[in-house]
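Sequence lines, in order, name chains V and X.
If you count the first sequence from 1, position 393 lands on 393 in this note's numbering, and the numbers rise without skipping.
Here this note's numbering runs 1000 ahead of the position in the second sequence, where the first position is 1.
Treat the hints with caution; some may be incorrect.
To be clear about the criterion: a stretch of chain X counts as covered by chain V if any three or more of its residues have a C-beta under 8 Å from a C-beta of chain V, and this derived list gives those stretches [to be verified]:
no., stretch
1, 1061-1069
2, 1175-1189
3, 1288-1294
4, 1370-1380
5, 1484-1494
Within a straight-line C-alpha distance of at most 20 Å, the following computed EDC-like cross-link-like pairs (lysine to aspartate or glutamate) qualify [claimed, not checked]:
no., chain 1, residue 1, chain 2, residue 2
6, V, 210, X, 1102
7, V, 357, X, 1098
8, X, 1518, V, 122
9, V, 210, X, 1098
10, X, 1418, X, 1399
11, X, 1262, X, 1329
12, V, 363, X, 1537
13, X, 1273, V, 122
Bear in mind the hints are in silico, worked out from the structure with no lab data behind them.
Note that CB positions come from ideal geometry on N, CA and C, so glycine has one too.
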Amino acid sequence: MVQLSSTLLYISFVLYLIGTFLFGGAIRDKRKEQQGKDRWSQFGIAVTIIGFLAQVGYFVTRWIAAGHAPVSNLFEFTTFFGMMLVGAFIIVYFIYRLSVLGLFALPIALLIIAYASMFPREISPLIPALQSDWLHIHVTTAAAGEAILAISFVAGLIYLIRVVDQSKPSKRTFWLEVVMFGLVTTLGFVIVSTAFGLSGYEAKFTWIDKNNQSSEVEYHMPALVGPHKGELAKESAGRLDPLVEMPAIINAKKLNTVIWSLMAGAVLYIALRLVLRKRIAAALQPLAKNVNLDLADEIGYRAVAIGFPVFTLGALIFAMIWAQIAWTRFWGWDPKEVWALITWLFYAAFLHLRLSKGWHGEKSAWLAVIGFAIIMFNLVAVNLVIAGLHSYAGT
Amino acid sequence: MEQVKCECGHVNPHGTVFCESCGKPLEEQGEKSLLDMRYEGSARRSQTYKRTIVDQIWAFFSSVKVGVALIVITLIASVIGTIFPQEMYIPPNVNPADYYEEQYGWAGKLYYELGFNNLYGSWWYILLIALIGVSLVICSLDRVVPLYRALKRQGVKRHPHFLERQRLFGVSRISDMDQAVALLKERLAKQRYRVREEDGHLLAEKGRFSRWGPYVNHVGLIIFLIGAMLRSVPGMYIDEVMWVREGETKEIPGTNGQYFLKSEKFIFDTYKKGEDNEVFNAAIDRVGDGMIAENYQTNVVLYKRVGPTVAGAKPELEKVKEYPIRVNEPLKFDHYALYQVDFRLNEPKTMSFQLTDKQSGKTLGTVAIDLYDPKETYNLGNGYRVELLSYFPDFEFDEDGNPSTKSRVPNNPAFVFKMYAPDRPEGEVSFVAIQQTLEPFGDNKYKMAFAELETRNVSGLTVRRDFTLWILGVGGAIFMFGLVQGMYWNHRRIWVQRVNGELWIAAHTNKNWFGLKKELHRLLDGTGLTMPADRLEERKQAGQGGQAHGTA
Ligand code: HEM
């Protein structure tokens, strides 16, 4: 069952990849007359739906194997988020029939799933706090809400790629490249993690933690930054000695991973720039050139309008109900809770700005990008960096 | 109050932008820009009166700009609060002033000095939330009343200027006007519009209730905030901690002596390979066998006091129920809830010693000392007797080097015994602590040999009673309802009107223009009528002149 489950996930991953290329073909295809009515798009959405069903299969089989919904650790939650993103895309596609949306949404879902797969993938048993039906209810609804909100990011990104003037450098081109760099760096993380994972790199250190206790840590990437007073263990002799040593309060292992990812991202980014001979966003611009801007704007707003209530329900209301049951209080200012509140306040501000100040079009698109950055921050950084009650035991 | 009379005869409140009934713009703005339909052009107090202080405060708080500013400031403050842990999450027995500096250096020190260690409870954070609340109330009142009035009074027949300044607007010249209008009316009804007809003109409307969505959700939010505020009112909210040992019966704090709890047993389980689902093996291997908690549980019996409280007397108790309290499964009774939150394993309960003849090793009797309630004398018969001269439950040497106790919890018990035997009628003194024995007055014949330690587990429970929960629940439910109402439906209107022998069609929606256009397509399909053009798009395209799109 577990085997079947991972095979299904793998299949869905490949199908999303194929789907991306099919949607790409739809954009290139000059013969198409009406939006979304051409062959390429039809195949694209069909493959995407089959991929989605495969991933639902992964989810169900894993649920059966574990006896609880697979949303209980970082790998499972993030994969589920990717699945919801594809699901939200499928729904939006059938409303608006915009192929270019698939061309951007699917790669982002792929990146998210690949990112998720870098974390421990084994099925873990539930600790007491997680043994509740509210785990399923809260986490799935919150992820669904975030996924729908993420569609507004996809639409916003398309809008910006189309609209930002690439003929000369400006603040707008800069920030758009920052977004591109962020996506490339995620890919960089996946590449270095996979590469060192395949090579089986291991380096054990003994180090002194902030309570002056000696403990051990195992690196899976060469240690550029080492732990506080870290010493390579005997069996790891010959492994890279850290170039810099970190103070005890900093988790050197995670920082090391971040540095490797950034380096890989930078290398990839520079390589891309050299090959393309222009900004990445400029290279993508032709893909978006036929997009109806008002439609992209409308989709972005619609996604927020639909996603905001779902997010509120899942990430705040259900969360509070569960927190009251499991932790005796519905709200405790835990970092994860606060970041859910921040996300919520942000989208509330987004809606009000749009209503009253008429922040449509490009401004609204930038806001959608920022909103997604906040969601990802909550998913990635708050779990890994700001440890709290919620932090899934990430490594 | 000043009023403005429109040429259609309707009397509008002062400040109205276009007539409530026929929509004729009351202050012509020269060129034919699109009408701002947001509040139906109604007269809002904040836009109309700006003289007195009250007017100005009102105008200030009803501005969405101010509302958004408050939201954004709150957002940024909330971010700051997550940079370092809040004080409630740092270890309990440290001095916060030192802790922040030790852990995070100068940044931690600054963080502490600015009071960010308790940011969410700070007066200014609470003030921000309160201001958002005030802003919510005022901005909602400022809009909802005139909006209600305007929507209620809108006429079917609209002024041509109103129609041609709508975003979706089209003109058709057709011969059989009556037939076209009749057909449209039928189709509109089929698409579930409520259609009103007047002199051959149509006003079709649907989803008006969605216009109240924002106000409903704001009301929900206000109720929620009020609920959150009420928790500081005494009596609304109880939050106590109780520690109860296995076998012990204790009064439940916060219940005014009405309820008592007995712990039968505390259970702590971990996942183990071989016992649990095999699929967990890999995870268990990574973390370590027996390292992942599976269950924290206290089996308790709840008692209620019967009869009056008499000081000093033992309470008379009646059993209410037995219940296993687990994480996620609190014991609930009479508005109280008891949660499993903490535990201590293997706390010493009784310690046994054997009075032993050092030389022969002969045992002369066993003394079992209840570490919570030691006796002064333990009589072993045959002339053997042990007196407990001093007892230090949590032994340490104080600053002067004298034995003393840190607390009343027997973490490290130590005793001074005086042992009497037929051949030692004066008694021998011995100091006994864990792993050490001292004989202060020279060599003894007898000793107290450690025999066994009996331990028990202690459960840490939280006692809660929260009378604000239902208010929060009601607020949350109303908020959700309003959100869905405002976001998942939209208010669409289509005007069909005969003007100078032409058929004018205009349409408006507060959201989702794409959906409205699709609906219009279906409505006009095959009728030969002109599809209303999206004039916003047209305008943009005209303004754009073929070059790349500028900043919106
Ligand atoms: C965190 C607090 C708030 C939340 C969650 C919230 C939520 C909402 C939502 C969901 C809408 C509907 C938006 C849409 O239809 O696109 C809305 C509309 C609105 N809100 Fe808020 N709001 C908040 C605070 C405020 C504040 C402080 C003000 C006061 C200045 C305000 C004024 C308005 C106004 C004027 C509307 C538009 C009503 C309309 O055009 O029909 N809101 N609010």
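Item to check | Pair hint outcome, residue 1262/X versus residue 1329/X [Cα-Cα no greater than 20 Å] | outcome: holds (17 Å)
Next on the checklist: Tell me whether the statement that chain V covers the stretch 1370-1380 of chain X is true, taking a Cβ distance below 8 Å and needing three residues at minimum.
Outcome noted: violated (count 0)
Item to check | residue 357/V paired with residue 1098/X [C-alpha distance capped at 20 Å] | outcome: violated (47 Å)
Next on the checklist: Hinted pair, alpha-carbon criterion (20 Å max): residue 1273/X, residue 122/V. Please report holds or violated.
Outcome noted: holds (14 Å)
Checklist entry - Three or more residues of the stretch 1288-1294 of chain X near chain V by CB distance under 8 Å? => result n = 3 at 8 Å, threshold three: holds.
Item to check | Coverage assertion for the stretch 1484-1494 of chain X with respect to chain V, Cβ distance below 8 Å, three residues required | outcome: holds (count 3)
Item to check | Hint consistency between residue 1518/X and residue 122/V [alpha-carbon to alpha-carbon, up to 20 Å] | outcome: violated (48 Å)
Item to check | Cβ contact check, 8 Å cutoff: the stretch 1061-1069 of chain X against chain V, three residues minimum | outcome: holds (count 4)
Checklist entry - Does the alpha-carbon distance linking residue 1418/X and residue 1399/X stay inside the 20 Å limit? => result Violated - the C-alpha atoms of residue 1399/X and residue 1418/X are around 26 Å apart, more than 20 Å.
Checklist entry - Given the hinted pair residue 363/V and residue 1537/X, is their alpha-carbon gap at most 20 Å? => result Satisfied, since the Cα-Cα distance of roughly 17 Å is no more than 20 Å.
Checklist entry - Taking a Cβ-to-Cβ distance below 8 Å as contact, does the stretch 1175-1189 of chain X have at least three residues touching chain V? => result violated (count 0)
Item to check | Restraint check for residue 210/V with residue 1102/X, where alpha carbons must lie at most 20 Å apart | outcome: holds (10 Å)
In summary, the numbered hints that this structure violates are 2, 4, 7, 8 and 10.
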